[in-house]
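Chains R and D, in that order, are what the protein sequence lines are.
Anchor point for the first sequence: position 92 equals 92 in our numbering, and the numbering is continuous, going up by one each time.
Remember, our numbering sits 1000 above the position in the second sequence when you count from 1.
Treat the hints with caution; some may be incorrect.
Cross-link-like lysine to any residue pairs, in silico, SDA-like; alpha carbons within 20 Å at most [to be verified]:
hint	chain 1	residue 1	chain 2	residue 2
1	R	K287	R	A240
2	D	K1167	R	E93
3	D	K1086	R	K287
4	D	K1086	R	P84
5	D	K1009	R	E81
6	D	K1086	R	E81
7	D	K1009	R	M109
No lab work stands behind these hints: they were computed from the structure.
Chain by chain, the residues run as shown.
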Amino acid sequence: MIRVENLGKRYGERAAVRNLSFSVAKGEVIGFLGPNGAGKSTTLRMITGFITPTTGTISVDGIDALEHPVEARRRIGYMPEAVPLYPEMRVNEYLRYRAELKAVPRAQMKKSIDAALEKAKVTDVQTRIIGQLSKGYKQRVGLADALVADPKILILDEPTAGLDPNQIREVRDLIRALAGEKTVLLSTHILPEVEAACGRVLILHQGKLVAEGPTDQIRKTLHGSASTILVMSGRGVRAAFEDAVRGVEGVRRVLDAIDMEAGIVRLRLETEPNAEVGARVFSAVAKAGLALHELRSDAVSLEDVFAELTTADAAASDAPPASPTPPATTDTSEVAS
Amino acid sequence: MKTVLAIAKREILSFFVSPIAYVVLTAWLLWSGISFYALAQFYASNPSHGSTDTPISIFFGGTTLFFIPLLFFVPALTMRLIAEEKRSGTIEPLMTAPVTEVAVVFGKYLASLVFWIALWFPTLMYVWLTSRYGSVDMGAVAASYVGIFGIGIYYMAIGVLMSAVAKNQIVAAMLTFMMLGLLFVFGIFSQIMVDSDYEELFTYMSVWGHMATFSRGVIDTRPIIFDVSIAAIALFFAVRVMSQRNKGAA
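Could you put together the complete structure from these sequences and hints?
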């Protein structure tokens, strides 16, 4: 549905996006993840034709988006990051205007607007003036705009920014409901968002793709280890514990030990991924006669993956982005598989 | 074409819910009302003035001063058109909708011509007033309005271009004012450099020179061609500016 090849955008000396290639299949929900300034918005703006790339090609539903921008945009419903709206218009006036711009046939106009209002849950404010709406409502008006022409592709830049937890859940549910029917490309810097809504993740850092893969797979395989948290008590418990678990299958090392109050120590144990070490660690601790208060596995969050990838990458590619074709493709394909 | 109308419609709606519309329209009405009153007074007290001039013809073409306020009112009407979309960021949803730069520029231009008509519409009342108490040469009045519309074609296109160039309304207004002022001053040259080689050129560029012709009931095609040519050039550059957006430097 979307195919991007060697996409690059530079502003003078600074490269905002470098040599980016990826594709999105029909019906997929893809999450673009990266810290602020990673090039997510720039990439989305290039796909939607708002800014022109310096290098590369973009194909949207088989159409060359750079050669035929208007045709490509016809297939896309886009919600920009800050959701700019006209404050003086009413919600339904705005959606009508947007539907006219997007060439919704006159006969279907009312039906399309009502459906978009309904899906984005803004039916109750449709006669209100946009400037007087709360941030959450404005955000959803932007979403209604993206949906109004019933496009094949939805591109949402930070769709839940500024919403309260209930609204965030509603938007995620909506995105999940659209999966399969529509191709969705969304960007976020919030990890649970991707985990909640997306089937596949593209991690962007400093304008380069640093990792790509299915959400659950990226969580499991990208990270080389998992961890288990133990809460224990006793004098010199860390040393005693380290002795006790030495040689236990799947256990690597004690990452850290934090002294809580009254002799309670919270330890973090690094383990092999998917090793299911809980039972073995428990019996080792029991055999050593240590006082165990709590034992739980600490699922590797995308946060950890993300921190690891982006900080490692920052150290590795400290060179100035002077070269026009940085060798970005090699490291991405390896981690993706 | 449909998108042009949609853009123009939205622009007109936004304009008429904004206070600036009423400030500009009221100020203009006040100014033109005072001018008309002064002229009517003058002719009432000097009935045997002798010339072929009438309050209406003088109103439209007799005085340079009458046009100077337009140098302020035109920027006020056109400054928001594109610059405001850029400042507020609504340019992004606009330019990512399936619309061309040409459609956006023409939609905005069409809206600005509607503002221009709204500006001049109330002046019909002066025609009506004079026709009640005296004879009005309706041909000359019609020709005057053709001339006024010609000036609208020209001034509004300059305003659209400057609004496309500028990053915000204030800069757009300043640029429009400067540009119109410059072109207006060229017109004044025609009266200063009377025997110079360029007199004809400056006369051709003079807005109230055009109006002097029209207000006598003469529809000259040359000023109209001038207005349309300037508009075409300005709109061409406005489209160019819009398509160059975000291509190169930050």
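Now the hints, each set against the structure:
Taking the CA atoms of K287 of chain R and A240 of chain R, the gap is near 12 Å; set against the 20 Å cutoff, the hint holds. For the hint pairing K1167 of chain D with E93 of chain R, the CA-to-CA distance comes to about 26 Å; that exceeds 20 Å, so the pair is violated. Among the hinted pairs, K1086 of chain D with K287 of chain R is inconsistent with the structure: their alpha-carbon atoms are about 70 Å apart, more than 20 Å. In summary, the hint linking K1086 of chain D to P84 of chain R is supported, as the alpha carbons are separated by about 10 Å, within the 20 Å threshold.
For the suggested pair K1009 of chain D and E81 of chain R, the alpha carbons sit about 26 Å apart, so the restraint of at most 20 Å is broken. At most 20 Å may separate the alpha-carbon atoms for a hinted pair to count; K1086 of chain D and E81 of chain R meet this at roughly 15 Å. As the CA atoms of K1009 of chain D and M109 of chain R are separated by approximately 16 Å, the hinted pair is consistent with the 20 Å bound.
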